[in-house]
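With the sequences and hints as input, model every part of the structure.
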Amino acid sequence: MPLSAGSLRRRPKFAAPLLSPACLHRLSVPGEFAARLDDDDAAGVGEEEEESGRRAAAVLVVGPLGKVWRVELRRSPAGDGEAWLGGGWSELAAAHGLGEGWGVVLRLERRGVASLRVFDPGFCLARFCTPHAGMRTKDRPRFIKLLQQEDLEKMKIPEKFVQQQLTETYTNNHQNAIIVCPLGKFWRVELQREQPDVLLRDGWAPFLAAHDLSEGNILLVRYEGNMVFTVEVFLQNGCLKEYKTAALYLTDGTEGPSNAPQQSAAKVGVSPVKWKRTRRIEGTCLEGPNRKSRASPISVKVEQHKKHVSIVSQNSFTKEMTAYSIHSLLSVRGTFCSQIGLLEACAITLKISMKKKGSWRVAFKTANTYGYINGPGWRKFCLENEVKEGDRLTFNAIETTVWHVVIVHC
148 MPLSAGSLRR RPKFAAPLLS PACLHRLSVP GEFAARLDDD DAAGVGEEEE
198 ESGRRAAAVL VVGPLGKVWR VELRRSPAGD GEAWLGGGWS ELAAAHGLGE
248 GWGVVLRLER RGVASLRVFD PGFCLARFCT PHAGMRTKDR PRFIKLLQQE
298 DLEKMKIPEK FVQQQLTETY TNNHQNAIIV CPLGKFWRVE LQREQPDVLL
348 RDGWAPFLAA HDLSEGNILL VRYEGNMVFT VEVFLQNGCL KEYKTAALYL
398 TDGTEGPSNA PQQSAAKVGV SPVKWKRTRR IEGTCLEGPN RKSRASPISV
448 KVEQHKKHVS IVSQNSFTKE MTAYSIHSLL SVRGTFCSQI GLLEACAITL
498 KISMKKKGSW RVAFKTANTY GYINGPGWRK FCLENEVKEG DRLTFNAIET
548 TVWHVVIVHC
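In our numbering, the protein residues as written are 148 to 557.
Hint data in this document are derived by calculation from the structure and do not stem from the laboratory.
Warning: the hint list may mix true and false statements.
[Stated by the list, open to error] Once the Cα atoms are required to be at most 25 Å apart in a straight line, the calculated PhoX-like pairs of lysine-lysine come out as:
| hint | residue 1 | residue 2 |
| --- | --- | --- |
| 1 | 512 | 498 |
| 2 | 466 | 512 |
| 3 | 466 | 498 |
| 4 | 303 | 332 |
| 5 | 466 | 535 |
| 6 | 527 | 466 |
| 7 | 512 | 535 |
| 8 | 332 | 301 |
| 9 | 527 | 498 |
| 10 | 498 | 535 |
| 11 | 512 | 527 |
Structure below.
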């Protein structure tokens with residue numbers, strides 16, 4: 148059960164938890180995931196692709212029942228990171244009964260090949276056949292969760308998942324669960340029943356804080372049995388969030404789930420000093436290493452100091468720049484866009500001083516669960532303001548399409 152350091156090297160994945168009607172015909176995927184999936188040798192460019200200016204590559208998607216589907220992966224030649232699954236995807240979606248509100252997770256198996264898992268509107272892993280008695284299946288029970296504001300202090304486990312997997316095991320109103328985080332450490336979180344729901348409560352908010360999670364992140368939770376869950380974390384753009392072993396572990400000191408005594412209401416206190424010193428290192432699809440803004444909506448109870456971490460404005464965010472974000476595109480989480488009313492493609496004015504006339508107009512576009520800034524205007528902004536890799540930029544939305552930028556050079 149314990150995870151070795153080598154097991155932290157996970158295959159690239161992409162998660163889309165809540166499909167819209169448009170996603171059933173054309174599924175947008177982050178550019179970096181598309182770059183890894185794209186099989187140049189299998190790419191066939193015809194007259195139609197040449198006329199449209201968009202290159203199509205043939206990729207193989209292995210469905211939940213093992214059938215292999217040929218799907219077109221299209222990428223914009225403009226270098227703006229736009230990519231999507233086109234021809235063949237709608238047929239695959241229809242064959243598996245996908246509809247609005249369903250979810251999918253794609254895992255890269257090798258170049259040009261990805262496997263598909265499907266989640267029903269109850270957020271549970273969809274089963275397309277019933278195993279025979281005594282037959283073992285490698286697909287352990289899973290559910291997918293797009294974190295909302297109400298999930299940050301306590302999180303409801305999907306009702307269907309509780310009925311199918313936890314009814315016999317969950318016997319007490321207060322019972323501990325063990326969560327195995329992406330770094331292989333164990334967290335003790337209390338389960339509490341609030342009829343008819345089962346909630347992850349005490350210990351949940353510190354778990355989110357220690358892993359730099361907030362509204363818009365996606366969790367893929369797998370049930371190992373005996374109230375033990377493993378969690379994979381996805382960024383707002385749907386790409387798997389990578390953690391490195393150099394990150395600071397913040398746990399309740401539990402060494403492992405085996406022989407772990409059940410203690411009622413075990414609480415985890417997170418020291419503000421340790422939290423600030425935590426270096427969160429992400430190997431992301433679109434952003435690269437990234438320290439998120441302190442504008443986290445998580446209010447964390449600190450048992451030792453009897454105070455709360457303050458909540459600051461949601462109309463700003465901070466990015467640590469990478470070579471990819473400087474020269475290609477900078478992703479913006481979807482929750483920030485919705486908070487300021489930025490719902491469609493437009494031009495945004497960036498200012499480094501509200502007193503100076505200097506400003507830069509950059510292109511803003513939207514994807515599944517995030518937006519992004521790119522184009523010549525963005526590259527000009529970075530060049531003229533000498534933005535380098537490692538610099539931290541804080542974006543403050545003065546108006547929906549006017550942002551003030553504070554640059555902190557490393």
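Hint check against the structure, violated hint numbers in rising order = Per hint list: zero violations.
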